[in-house]
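Residue numbers (our numbering), protein chains in the order written: chain A, 4 to 98; chain B, 11 to 494.
Please note: incorrect hints may appear among the correct ones.
As the list claims (entries may be wrong) - Which residues of chain B face chain A? A few of them, derived with a C-beta cut under 10 Å, are: (1) Glu72; (2) Glu76; (3) Phe101; (4) Ser150.
Stated by the list, open to error - Capping the alpha-carbon separation at 25 Å, the derived lysine to any residue pairs in SDA-like fashion look like this: (5) Lys81/A <-> Thr159/B; (6) Lys67/A <-> Gln107/B; (7) Lys404/B <-> Pro481/B; (8) Lys157/B <-> Val93/A; (9) Lys81/A <-> Val151/B.
Calculated directly from the structure, the hints in this document are not laboratory data.
Since this is a predicted model, take the numbers as computed values, not measurements.
Every residue gets a Cβ at the ideal spot worked out from N, C-alpha and C, and that includes glycine.
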Amino acid sequence: MSLDKESVKKVASLARIRMSDEELERMMPQLSKIIGFVEQLAEVNTDNVEPLANVVDITPELRKDVVNDGDCADKVLKNAPEEIQGYFVVPKVVE
Amino acid sequence: MAQMVQGETGDWEIVIGMEIHAQISVESKLFSGASTTFGAAPNTQVSLVDAAMPGMLPVLNEKCVEQAVRTGLGLGSKINTYSVFARKNYFYPDLPQGYQISQFEDPIVGKGEIEIDLPDGSVKNIGITRLHLEQDAGKSVHDQHPKKTYVDLNRSGCALMEIVSEPDISSPEEATAYLSKIRMILRYLETCDGNMDEGSMRADVNISVRKLGGELGTRAEIKNVNSLKAVQQCIEFEARRQVDLIEDGQAVVQETRLWDPVKLETRSMRSKEEAHDYRYFPDPDLLPLTFEQSWVDEIKQTLPELPDQKKHRFMNDFSLSRYDAGVLIAERSRADYYEDVAQGRDAKLAANWVINELLGILRKNDKTLEESPISAEQLGELIALISDDTISGKIAKDVFAEMFTSGKNAATIVDEKGLKQVTDTSAIEAIVDEVLAENPDNVEAYKGGKDKLFGFFVGQVMKKSQGKANPGAVNKLLKEKLSS
Numbered sequence: 004m005s006l007d008k009e010s011v012k013k014v015a016s017l018a019r020i021r022m023s024d025e026e027l028e029r030m031m032p033q034l035s036k037i038i039g040f041v042e043q044l045a046e047v048n049t050d051n052v053e054p055l056a057n058v059v060d061i062t063p064e065l066r067k068d069v070v071n072d073g074d075c076a077d078k079v080l081k082n083a084p085e086e087i088q089g090y091f092v093v094p095k096v097v098e
Numbered sequence: 011m012a013q014m015v016q017g018e019t020g021d022w023e024i025v026i027g028m029e030i031h032a033q034i035s036v037e038s039k040l041f042s043g044a045s046t047t048f049g050a051a052p053n054t055q056v057s058l059v060d061a062a063m064p065g066m067l068p069v070l071n072e073k074c075v076e077q078a079v080r081t082g083l084g085l086g087s088k089i090n091t092y093s094v095f096a097r098k099n100y101f102y103p104d105l106p107q108g109y110q111i112s113q114f115e116d117p118i119v120g121k122g123e124i125e126i127d128l129p130d131g132s133v134k135n136i137g138i139t140r141l142h143l144e145q146d147a148g149k150s151v152h153d154q155h156p157k158k159t160y161v162d163l164n165r166s167g168c169a170l171m172e173i174v175s176e177p178d179i180s181s182p183e184e185a186t187a188y189l190s191k192i193r194m195i196l197r198y199l200e201t202c203d204g205n206m207d208e209g210s211m212r213a214d215v216n217i218s219v220r221k222l223g224g225e226l227g228t229r230a231e232i233k234n235v236n237s238l239k240a241v242q243q244c245i246e247f248e249a250r251r252q253v254d255l256i257e258d259g260q261a262v263v264q265e266t267r268l269w270d271p272v273k274l275e276t277r278s279m280r281s282k283e284e285a286h287d288y289r290y291f292p293d294p295d296l297l298p299l300t301f302e303q304s305w306v307d308e309i310k311q312t313l314p315e316l317p318d319q320k321k322h323r324f325m326n327d328f329s330l331s332r333y334d335a336g337v338l339i340a341e342r343s344r345a346d347y348y349e350d351v352a353q354g355r356d357a358k359l360a361a362n363w364v365i366n367e368l369l370g371i372l373r374k375n376d377k378t379l380e381e382s383p384i385s386a387e388q389l390g391e392l393i394a395l396i397s398d399d400t401i402s403g404k405i406a407k408d409v410f411a412e413m414f415t416s417g418k419n420a421a422t423i424v425d426e427k428g429l430k431q432v433t434d435t436s437a438i439e440a441i442v443d444e445v446l447a448e449n450p451d452n453v454e455a456y457k458g459g460k461d462k463l464f465g466f467f468v469g470q471v472m473k474k475s476q477g478k479a480n481p482g483a484v485n486k487l488l489k490e491k492l493s494s
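The following block holds chain A by itself, in its conformation from the complex (with noise of 0.2 Å):
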């Protein structure tokens, strides 16, 4: 399967990645090659076979409810690009 150029545009907007005309007719034949050695996987026969989620077979660990963890602001804050009063300051995002 070959991706066009809008579908190469709509992957890159939704992952929020800037592409430039240049790059997205670049990315065009190696998005597509990708796609198409994934697809190899659609020649094996899956009827009657369930959607698997995960290959190994055990349960889950499980945690207590039990507040152990938090109470770090300045450590979660650490790496924002403003703050004020204890919280996280970005552009505003409003509709």
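With the hints as your guide, set chain B onto chain A.
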């Protein structure tokens, strides 16, 4: 009680489905050990998992699973002992992971059904499609700065149950009844506090319109509907908008719209358009969730009596009307209080006193039932005094008011103030004779045909006895004497 929207080309039917997000009552988050308490200073209840720092791994909170199962059982739904967590991908500043961990193809709870009560006294069944577990996002604050948005991640990672209904709802009244009933069930189960002001319960409303019995129309999803009133108003507005659009020859666009509680309108959220491509896939950080049916059965054993079961029992065992039973079961604590009052006493009289007197005086004084100065035991004693004719219903109201301010027992007040009803016929007869002797003109007039004066005599006797004369005995004696 389907409600039609009248258009120029005829009547339109409204088709509504609801998605209710309910924050699970637990101490810590769905996948981390940070606290979930409401109202803490910004970003103080955030672990590095909730902040989506690289390399952090989610570990599922056992209690959240139990609460979801409990809720599913309370909604009469199928519990899935195998479910899968999936990533729902979108970008927003209050979602540090860049995806929400949710459940998609295999939710923890499947189909069920609940009963809703409508204002006209009828009952309707609404199907539950599913309930799944998911993370809440953080909170964006837009009004603190002209050009910036402030983000608080305290809510990020809190556990939510998303409860999805079938499109069985067909009017604003049904929608509010549905939301109220879900909230009531969650409160009975203690799986969510149902506090809409604090955002513990939020609703998205899917609305479309169609000609009676026609093909389903295109739906719009309304977000930010955070009160019963908003549910009602947004449906009324949106249904009208869609009918007007279609009759004007335009099409309804499938989109997300925002309810504006100030302007009372819905408007398009354009930014959400392309974000709708969520690219769900199983979360590789989390194994599928499995548990034994025996565990589900154990939880089932611990379920309380649910609102509808309680309502039917009150109607059957206590001969209460559907309305009275509905008022009493609205809160679990209220139903418990009522049962304590009614225990061994006149159940209907008890219902009247709880609903009309107690809830009335509490409302007037802005108090909750938990803050009531009159305990269920005390109110029960008062009712016993009425039932055994120690005091009249009228005197009981005065005693009740006194109990509310002083907290004293009914019997104490009756003794102290000498309010015991006079049932001794000879004592009442003496007062009746006195009244008749004092009002010869009225006696004459009554005998001459002025029947209405009977009430005057009753009033005079009651006044002389300071309200303590048994009204039945007074009536009987007056009738005898006046007709002689």
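Q) Taking only the CA atoms, is the gap from Lys67/A to Gln107/B under or equal to 25 Å? A) 23 Å, holds
### Query
Is it true that the CA of Lys81/A sits at most 25 Å from the CA of Val151/B?
Given that 25 Å is the threshold and the Cα spacing comes to 20 Å, the pair holds.
Q: Starting from Lys157/B, check that the Cα of Val93/A is at most 25 Å away, please.
A: Roughly 9 Å between the alpha carbons, so the hint for Lys157/B and Val93/A holds.
Check your understanding: Between Lys81/A and Thr159/B, does the CA-CA distance stay at or below 25 Å?
Key -> 18 Å, holds
>> For the restraint on Ser150/B, tell me whether the closest CB of chain A is nearer than 10 Å.
In response: 7 Å, holds
Check your understanding: Hey, does the Phe101/B contact hint survive, CB to chain A under 10 Å?
Key -> 5 Å, holds
Hint Glu76/B vs chain A: min CB-CB distance below 10 Å? Result: holds, 9 Å to nearest chain A Cβ.
Task: Hint consistency between Lys404/B and Pro481/B [alpha-carbon to alpha-carbon, up to 25 Å] - done: 10 Å, holds
Problem - Minimum beta-carbon distance criterion (10 Å), Glu72/B to chain A - result: Cβ of Glu72/B sits 4 Å from chain A, so the hint holds.
Taken one by one, the earlier hints all hold for this structure without exception.
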